[in-house]
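Per the working numbering, residue 1 is the first one in the first sequence, and the count goes up by one each step.
These are calculated hints, taken from the structure and not from any lab test. Hints may be right or wrong, so weigh each one.
What the hints assert, rightly or not - Using 27 Å as the maximum straight-line C-alpha spacing, the simulated DSSO-like pairs for lysine-lysine come out as follows:
| id | residue 1 | residue 2 |
| --- | --- | --- |
| 1 | 259 | 291 |
| 2 | 330 | 291 |
| 3 | 491 | 32 |
Computed from a prediction, not measured in an experiment: that's the story for all the values here.
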Amino acid sequence: MIRDEIVQALRAALAATGLPEPAGDLALETPKLREHGDWSSNVALQVAKQAGRPPREVAQELADALAANPPANVARVEIAGPGFLNFHLAPTWLHDVLRAVVAAGDEYGRGESLAGGRINLEFVSANPTGPLHAGGGRWVAVGDAIANLLDAQGASVHREYYLNDAGNQLDTFGASLLARYEGREPPEDGYQGEYLVEMAARMRAELGAGVTEEEAREWGYREAVRMLREDLARIGVEFDTWFSERTLHERGEVADVLKVLGERGHTYEQDGATWLRSTTFGDQRDRVLVKSDGSTTYLANDLAYHRDKFVRGWDHLIDIWGADHHGQVKSLQAGTEALGFPAGEPEVILGQLVRLQRGGEPVRISKRAGNIVTLADILDEVDPDVCRLTFLLQGIDTAQTFDLDVVTAQSMENPVYYVQYAHARIVSIGRKAAAAGVERRPLADVDLTPLAHEREIELLRALAVYPDVVAEAAALRAPHRVTTWVRDFAKDFHGFYRDCRVVTDDAPLTQARLWLIEACRIGLADALGLLGVGAPDEMARLDDDGAVEGEEAET
RNA sequence: GCCCUCGUAGCUCAGGGGAUAGAGCAACCGCCUCCUAAGCGGUAGGUCGCAGGUUCGAAUCCUGCCGAGGGCGCCA
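All chains should be built: construct the whole structure from the sequences, respecting the hints.
Given below as structure tokens:
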């Protein structure tokens with residue numbers, strides 16, 4: 001691509017003038033202002049100090065060297081500001097971008113930065129004690145999108161869900177379910193959620209009378225997993241593996257991990273418990289692995305689990321956790337390192353929690369009333385695409401405020417429609433063109449020089465940058481960057497649509513624009529696909545009140 | 001006390017070393033004989049929490065302080 005050609009030309013210019021290479025990457029960016037060219041480099045500023053000369057003088061020397069041996073498509077190089085090198089390209093470079101997009105098709109935006117990598121991505125992993133909480137939807141949407149991004153960079157990604165089915169959480173859950181079944185209130189520290197009442201009724205219908213606590217626990221466990229799978233299926237996420245904690249205990253993996261840690265000299269006995277000397281690996285304090293009552297801690301089990309993942313053959317492990325588990329990161333990483341696995345494994349992506357609101361008021365989870373809001377509740381009211389994109393609107397480092405009224409009642413203002421509409425418009429134009437008997441000729445036979453309108457240029461520039469956006473989003477584990485790109489791109493397209501008619505009497509222009517919008521469609525569909533959001537061929541029409549035609553307007 | 005994240009327009013948030021800080025919503029003013037107006041254009045709106053420091057250049061990096069959220073169990 002043109003970008004690499006310019007970088008190479010810059011390197012050559014540096015070498016030719018005897019200037020040093022900058023310490024970091026050779027930065028080449030797209031300036032915010034069009035006057036600053038198509039691409040801009042700050043090498044002269046970076047190198048000026050080492051060279052001991054004014055930046056603009058260095059820039060001039062580089063510009064002269066570049067002029068002597070100009071890269072393809074570069075019309076001119078200007079020096080601006082404190083010493084930026086601004087590359088102004090001939091419009092033809094964007095026509096190359098269009099051809100590249102079409103040639104790549106579904107593959108456009110793919111990268112090779114993780115080629116060959118085998119990654120295990122664990123996310124959601126909510127306890128099998130009920131349906132998914134609405135806030136948990138964030139990890140569903142984010143996790144699936146990150147998996148898509150890693151896949152887009154060439155990695156083989158395995159989506160995994162860890163079922164904590166061996167701890168006392170499940171016992172508490174079973175006791176609570178049995179209490180509801182018997183018409184009692186759940187224990188003080190039990191599960192208060194009202195969904196248990198419904199579950200208990202279903203259990204009675206299935207199992208009849210005389211259910212024991214163990215039977216309640218096992219029935220409830222299976223039922224909860226069924227509900228989790230159902231919720232995930234509704235939003236379109238499928239896991240490759242549902243890993244049961246119980247299997248770790250059954251196969252003796254927890255005991256084995258304890259043995260190995262002991263043999264490696266990383267444990268000690270104190271106060272009747274077995275401790276992991278995790279401070280050796282940077283933890284703030286040592287951690288208990290085996291309690292004085294002989295049972296293992298969550299950490300011990302989790303270490304066995306992560307060792308199991310490595311043994312199954314992944315070369316990189318990623319966990320997505322809510323920030324409320326931040327305190328466990330160092331302990332787990334210390335333990336895996338103590339077991340002999342690479343430092344820094346597993347990589348833990350921490351996401352801030354979701355605050356639920358309704359009409360601006362916080363939704364309180366009342367222990368007594370047990371009025372939890374589930375993901376299923378949201379999916380009852382909004383399209384899965386709306387739900388997903390809402391969770392992917394912002395970076396995961398910020399606590400998200402999820403207002404149920406805004407997301408549900410005002411769903412017509414959700415950005416998802418804005419973006420999907422752009423895609424639908426493109427397909428619609430294709431239908432109109434076909435109906436008018438206009439056929440798109442092979443791209444190789446089409447002259448793209450008519451594409452010179454500012455709107456057209458903007459679209460192609462955005463498409464040119466898209467692969468970089470995807471690569472960066474993958475590297476930073478930040479799917480919202482794709483959301484930001486696709487929103488901006490949809491805006492560009494709507495502007496183009498308004499100003500540039502595609503199907504006209506001007507045959508050469510029509511041909512060029514038909515291919516332009518096809519390239520746009522590829523970009524939109526790809527970005528939406530990475531986010532797990534559909535790219536529809538048509539949208540419902542709205543009447544003047546903003547209500548979907550054919551549906552009753554809400555009053 | 002210690003650790004992590006955040007603080008940017010009235011609201012929700014992008015931007016995380018570059019040139020004049022952006023978008024959506026809300027407000028105001030315009031645009032449908034024409035491929036879907038779930039659209040487009042314009043106006044208004046900012047001491048980028050505060051104070052220092054590093055740098056040719058800081059919303060961005062460092063330190064401190066203030067504020068918000070989360071964590072620091074022989075719970076999971």
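Which numbered hints does this structure break?
-> none
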